[in-house]
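**Q** Sequence lines, in order, name chains A and B.
Using my numbering, you'd call the opening residue of the first sequence number 9 and step up by one each time.
Using my numbering, you'd call the opening residue of the second sequence number -8 and step up by one each time.
Do not take every clue at face value.
Claimed, not checked - For the chain B half of the interface with chain A, some residues (derived, Cβ under 10 Å), not all of them:
1) Pro7
2) Ile41
3) Arg53
4) Thr67
Claimed, not checked - Stretches of chain B that chain A covers, calculated by requiring three or more beta carbons in the stretch to come under 8 Å of a beta carbon on chain A:
5) 8 to 20
6) 76 to 82
These are calculated hints, taken from the structure and not from any lab test.
Built from N, CA and C at the ideal position, the CB exists for glycine as well.
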Amino acid sequence: MRTVACVLIPHPASQYELTRNPSLAGQPLLIVRADAQGVRPVVLYTSPDLEDLAPGTTLADAQARSPLARQVAADPSAYAQQFDELLARLQLVSPLVEADAPEQAYVGLDGLSALYGGTAGVLAALQAAVPNGLMARIGVGAGKFPAAIAARAAPAGEVRRVPADVASFLAPHPVEALPAPRATPQRLRRLGLRTVGDVARQGIGPLQAQFGPLGAQLWRLAQGEDTQPLVLHRAVEAHTASLSFPAPVATIETMLFAAERLLRQLFARPEMHGRYARIMTVEGAVSQRPRWQRQVALKEPASTVSQAMPAVKRLLTLYPPQGPPEEMTISLQALTGEAGRQTSLFQNVQRAQSLAVALRQVKARFGGVLPVYQIQKAEPWSRIPERRHVLVEYAP
Amino acid sequence: MVQDSGTPARAGRIRPVNAPQPSVVQTGPNGAPAVVDGSEVTSLQARWRIDDEWWRSAPVHRSYFQVALANGNAVTLYHDLVSGAWYRQRYA
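Sequences are here, hints too, so could you generate the full structure?
**A** Next up, the structure:
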C-alpha cells in the first residue's frame, strides 16, 4: 500500500504577510487589490479569522463587517514564489511532488523509510522542509484524498495520520471535501447525501447512474480507495541573480546599470555557457508598494549581456516600477542550447539597406567613385574562364 | 522613338573576373612549358585545348597546361594559338 503526504499551507498569503511584517500578528487582515476594471479595491485573501469573507468582496463591504481589520496590498508574485520555494524544498525530500493548489502539495513517501531511518524520520524531514514561519499542516494516508482530509484536520505545524479504518475517518466530512466539479456537492445534497459517509453507504450503481464515471470515482474515494497517481511537478529551470540598493532608486539609469551588472553575473555562470535564454523576468521590491514584476519573451534568445539589455531597457522604459525599487532580481528562463533566431522575412531587404548606408558613408569618405564591386554571373557555362563572371560596380 | 537620355555609356563599369595575365614562358621540345616566369617546370600535370567562338572575327584557340613549378607553386597557363602569347589563368 502506498503512502502519500499532503502538505497544506492554510492562508498562505496571510502567512507570507505576517512573516514580512510581524507587527500584523494577532490582527484581522484583508489582503486587497484593485478589481478587474482597476477601479475598486476588492479582498483577495484574508487572515483565518475572516475566512468567511469571499474573495472578490469589495473593501468597503469588508471594512463594514470588520472595521478593525488591517489592509495590505496583495503581492501575488511573492506568494507564488513562496509556494515554488516550498515545492523545491519538498523535492529535496522526495522526488515525487505534486503541486495541487496554491496552498497544497502532495508528496510520495514510498521507498524513503530506509533513507530517513523509518517513517518518523521521513515525516520529520518533511516538516523540516517547510520554510520557517509557515505553519504547515501535514496529512499522511494511502492516497491523495485521505491525506488531504487528514491535513485539514491536523493542528497547525503538526502531522496527522489517517487511521487504519479509512472509510470511518472520512465518513463525517461534508461532501464538499470530495474532489469534484463545483456543482457536484450541490447535486449530492439534493439527493440527500450530505457527508462522505452518506456517499459510501450508497451502492456504486446508483451513483454511476447519476454521475457517470465521476460517480464511481466518488464512491471509491468515499470508501477510502484512492489510486489517483501523483502528477509530478516539474520545476522550471531558472537562473536568478539579485542585488539590493543602498537606498531606493529613482532613476532608470541606475536601474539599467544594476540590470547590466546582474546580467553579467548570470551569463558568466558556467551553467549558462553556450545556452540561450528565451524568457527574462525582471522584478524588485518597491518601497511601500507591492512587488514589481515584469516578464518578457525575448524575440531573439539571448546569451550575452548586449543581446539581453535592449529588452531590459525597453521594459524599464515602458513599464517602470510604481515606486523606487529597493532591490532588483533578474531571472533567465526557458533555456536552450540553440539560438533559434527568428529571422525577418525581409532579411535581404534589411541587409541591402544596411549595405546602402555603409556605402553612402564610404562614398562620403572617398569621394564620388564607389570602390565597391559585385561579382555577377555572366556566362557561367562558357569554356572561356574570363567570360563566366564579371565585376559590376555596386549600385544600391 | 526613345529619346537619348544623354547618359554616358557605362561599359567601363563592368570588369572581367579572372582575366588572363601575360606570362613569360620558355617551351620544351614538345611545345609544353619548361620555364614559367623564371621558375622551372618540374612536372606537367594536365593538358587540354579549347576552340571556341570560331564563328566570330576573333576566334579562341588555346592550349592549356597545368604545371608544377620548382618554387612549389602549381599554375595553370595557356598558349594563345592565334597570337602565340602565353598567359596565366585559373581554370575551375
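**Q** Could you tell me which of the numbered hints above are not met by this structure, giving the numbers in increasing order?
**A** none
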